[in-house]
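Undergrad: For reference, the chains in residue letters:
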Amino acid sequence: MFNKIRGMFSNDLSIDLGTANTLIYVRGKGIVLNEPSVVAVRNDGHTINVKSIMAVGAEAKKMLGRTPGHITAIRPLKDGVIADFTVTEKMLQYFIHQAHGDTMFKPSPRVLICVPCGSTQVERRAIRESASGAGARKVHLMQEPMAAAIGAGMPVSDAKGSMVLDIGGGTTEVAVISLNGIVYADSVRIGGDRFDEAIINYIRRNYGSLIGDATAERIKIEIGCAYPGNEVKEMEVRGRNLAEGIPRSFTLNSNEILEALQEPLSGIVGTVKNALEKTPPELGSDVAEVGLVLTGGGALLRDMDRLLMEETGLPVIIAEDPLTCVARGGGRYLEMIEEYGDDILAVE
Amino acid sequence: MLKYMSDDEDHMEDSIKLGALLTRAREKLALSQKEIASRLNLREEIIAALDANDFDKLPAPTYVMGYIRSYARTVNLNSDTLISIYEGIAEKPPEILPDVKPPVQASSRDKPVQAMSYLITFTLVILLIAWWQGQNIVNTDFFSTGAKTSEGGKYPGGFNYTYDIVAHPGTFTVLETDAPENNGLKTMGTTATPGVAKPPGTKSSGSLEPFLEYSDLLSIEDPSSPIDFQTNSDILKIELSAESWIEVYDALGKKLYINLAKPGEKISLTGTPPFSVKLGNARAVSVNFNGKPFDTSKHTKAGVARFLLE
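Residue numbers (our numbering), protein chains in the order written: chain L, 1 to 348; chain X, 1001 to 1310.
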């Protein structure tokens, strides 16, 4: 009863709780928050474990790998699911509050959270409970590829196959959608984080130097590519030389990064090929005609579409604003709940 | 290239411009539609449709934007400019329609159904009450008619009056003791009051004989009756030695007596002949019509006598 009254003062939120970034879409306002899913926790007491949240989001991300002993910068989500329940709850609480702005009441919104289609019941329950713990009045869970497809503006309601590939921070999801439902979906735990890891490993192996996650990510964004192009980009990087123990600077080029990324990229290509193999032929032909849509941060990797185009022989399209597709799709679904009632699509 | 594009922007309509830009850039590179199509893994028709600005033939806007981007990149055009042109003419993204669901069957839990059943029950109860009230009114009329008759003699339903008394001899007696004088306003009392012509002492004795005489008197006493059947009314007397079902109707089909009569009971009825009589146990009943005994045995079949008295 009280919740209902509080709900009248709260907006519905669609949350893309990603491994790398959390995005919040407010119904009627659009994307209001796009922050890294990082929390910095300060360990206060010396004898007892008294922890307090120090920073959340972009501010906490700056601390990643740069923290003193009593502060830990945590990424509470791993591979698209919750790795640290309490911290996730705190983070969500902070984000929901941020998205809501200052109101007289404690916000109690209806929340839709997108979950990877490969997540287990336990993982979903953890997400649901952490959202409730963060103050959500009602929690809907929606499968990420569905939200991505809706957000990308694909005709999901038509009796036509639409294939979407969402490359996130922790997972890559591929799904074939027709008539508001997922015909085939698969999720692999390969994503932006694995790209970074692959770059770190490559540099350690070939340059004998150690670089941090943040540097690896910067390299990926600046010179990373998925397909050999005409243009070769270069970048100067500093890392600790493992033999000397001293930070050394060296130059990397995009072809090296391409080589470094071969393993995770082939994993993604394999997943797509596998999905195409398992798609019913009628839908497969629809997909072959119109193409495969790329969403998620991974779609921003240079020539990702070229790679998939060459590997699969399908037209590949990068959705407009691929980073926010999932959150926007969830938001669109919330709008539809308002219009048509609770169970339009198969969500939990 | 950019300069050339901005020149074009000034001259052409948005919708024509997009295809024209792509076509011109493609021709400049000496590429055919087929070559572009094979590079982008698209059908040649799609490239032709893009060149001709025939957006009806193309799939949803998301896809078209992707095609335009890839096409622009292949022919070295700035894709963002082309996309902004396309956004101006693109349709809205496809609607998400809810799943088709089977029509919901009405169940007893549905509000309208509940409301309807309450309404029906309520109506039925109201009708039942109305009917019951109606019954009561008829009964009351019955008595009050008798009362009127006895008081003013305007409506002499002589037979009714007699019937009432015979049917409730006990009540009558009690009422009479309650109101010994002729001022009773109660229905029954009033019914009894016409005993102007009869001595109260006789009534309290409980004997039925005087009433019969009284009813004779009444019928004779009311010559002013506007209804003429009173003049040629006949008297039917029935005596019982055992219990019997008795039904008597007069010529107008009016019920004169329908009851299970007790042994020793004497019934006297007046009305317009012919009387249609039915005796359930004819052997135990002796019938006297206008002072003459009537033989029921001729009309008796399996103990039940049915006959017409004229």
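Just so you know, not all the hints are guaranteed correct.
Restraint-style ranges between C-beta atoms, simulated for each label pair [to be verified]:
1. Lys1057(X) / Gly267(L): 47 to 57 angstroms
2. Glu335(L) / Ile1089(X): 48 to 58 angstroms
3. Leu210(L) / Arg1024(X): 20 to 30 angstroms
4. Ser1107(X) / Lys29(L): 31 to 41 angstroms
5. Leu1119(X) / Gly101(L): 21 to 31 angstroms
6. Lys1057(X) / Gln121(L): 42 to 52 angstroms
Covered stretches of chain L, going by a simulated chain X footprint (3 or more residues, C-beta under 8 angstroms) [what the hints assert, rightly or not]:
7. 25-36
8. 50-56
9. 288-301
10. 317-325
Calculated directly from the structure, the hints in this document are not laboratory data.
Treat the numbers as computed from the prediction; the structure is a model and nothing was measured.
Glycine residues also receive a C-beta, built at the ideal position from the N, C-alpha and C atoms.
Undergrad: Run every hint past the structure and note whether it holds.
TA: Status of each hint after checking the structure:
no., hint, in the structure
1, Lys1057(X) / Gly267(L): 47 to 57 angstroms, "37 angstroms, violated"
2, Glu335(L) / Ile1089(X): 48 to 58 angstroms, "25 angstroms, violated"
3, Leu210(L) / Arg1024(X): 20 to 30 angstroms, "52 angstroms, violated"
4, Ser1107(X) / Lys29(L): 31 to 41 angstroms, "40 angstroms, holds"
5, Leu1119(X) / Gly101(L): 21 to 31 angstroms, "50 angstroms, violated"
6, Lys1057(X) / Gln121(L): 42 to 52 angstroms, "45 angstroms, holds"
7, 25-36, "violated (count 0)"
8, 50-56, "violated (count 0)"
9, 288-301, "holds (count 4)"
10, 317-325, "holds (count 4)"
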